[in-house]
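**Q** Numbering that gives the first Met the number 0 puts the first residue of the sequence shown at 0, with every later residue one more than the last.
Hints were generated in silico from the structure; no laboratory data involved.
A few of these clues could be false.
To be verified - Just the calculated beta-carbon pair ranges, DEER-fashion:
{"#": "1", "residue 1": "Ala-257", "residue 2": "Pro-146", "range": "44 to 52 Å"}
{"#": "2", "residue 1": "Glu-256", "residue 2": "Gln-135", "range": "36 to 44 Å"}
{"#": "3", "residue 1": "Gln-21", "residue 2": "Glu-101", "range": "34 to 42 Å"}
The beta carbon of each residue, even a glycine, is placed where N, CA and C say it ideally should be.
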Amino acid sequence: MTPSTPLPHLVSHSDLDAVCDQYDGFILDLWGVLIDGYDAFPGAQNWLARRATEGKPVWFLSNASRDAASMTDHLVELGIAREQFAGITTSGQLAIDAISQEPALAQGGIYLTGPGEGQTGWPEHIRSRFVTDIQQASLILGVGSFPQDELTLRQAPLKNFTHLPFLCANPDRTVVSGGLPYYAAGKLADYFASLGGSVRWYGKPDPYAFLCAQRELATLGATRLLFVGDSLVTDVPGAVSANIDCLWLASTGIHREALGAEFNEQPEQEQLERFLMDYSIRPQYVAAGLV
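Sequences are here, hints too, so could you generate the full structure?
**A** Structure, rendered in structure tokens:
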């Protein structure tokens with residue numbers, strides 16, 4: 000812990016809009032903030048509706064390995080009105096752009112570390128290169144999430160192929176989907192790096208991902224931005240590195256269980272302080288969740 004790093008300001012549900020009044024645009028993480036993968040959080044939907052009424056644009060920034068168009072369709076299926084957000088940047092889309100634009104990544108087989116269910120919307124010129132045998136691959140692509148008991152199975156093929164580049168299109172290590180914990184591609188990327196392999200990361204906490212969202216909002220006239228996320232590992236450090244004010248949601252995302260809070264329940268100040276002792280990079284604000 001860095002002693003000089005101040006604790007975030009604890010914002011109650013009733014004071015949340017007053018904080019948001021200071022900003023003219025917002026960047027939102029998805030899992031743990033707006034959705035759990037299967038359902039949208041009603042409070043977050045209400046929050047989005049108020050921002051739309053105010054005419055303040057919202058841009059989503061997600062470590063999902065889906066392409067941006069597929070992720071947009073999924074959100075609409077979950078009941079998020081399309082007119083309530085300006086657009087979305089996903090880790091998957093950033094990886095698609097890199098593979099499509101960089102000559103060194105343009106040829107050869109691509110081995111997926113995850114199930115690949117989220118890649119059905121990826122461009123055909125990339126999907127046609129997917130292989131199930133890592134020996135036929137020229138690069139490894141970290142995607143998706145998987146049950147935690149599959150970790151050893153998914154690590155095994157990587158051991159003898161650390162000479163290949165590993166492109167991580169989902170830097171999250173763990174995610175909560177439908178209330179259950181899963182490992183994500185970032186967990187495998189860490190393992191690959193520990194073996195001496197080279198990993199390229201796409202998405203949070205890389206400041207470039209935040210810059211992409213920031214540029215899009217700037218075209219809409221929004222320059223005083225607040226980022227809202229649930230992860231003290233990827234969301235908060237990324238926003239801080241990008242010099243964007245940050246609201247951390249403690250009780251709707253991946254840290255809720257470790258914090259010992261009920262869903263969208265306001266954490267106690269002492270409880271919060273103890274939990275944050277292990278995190279030197281901190282947000283400006285913390286709230287239970289969006290309402």
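**Q** All the hints need checking, so say for each whether the structure fits it.
**A** Hints versus structure:
no.	hint	in the structure
1	Ala-257 to Pro-146: 44 to 52 Å	violated (20 Å)
2	Glu-256 to Gln-135: 36 to 44 Å	holds (40 Å)
3	Gln-21 to Glu-101: 34 to 42 Å	holds (39 Å)
The structure fails to meet hint 1 from the earlier list, while all remaining hints are met.
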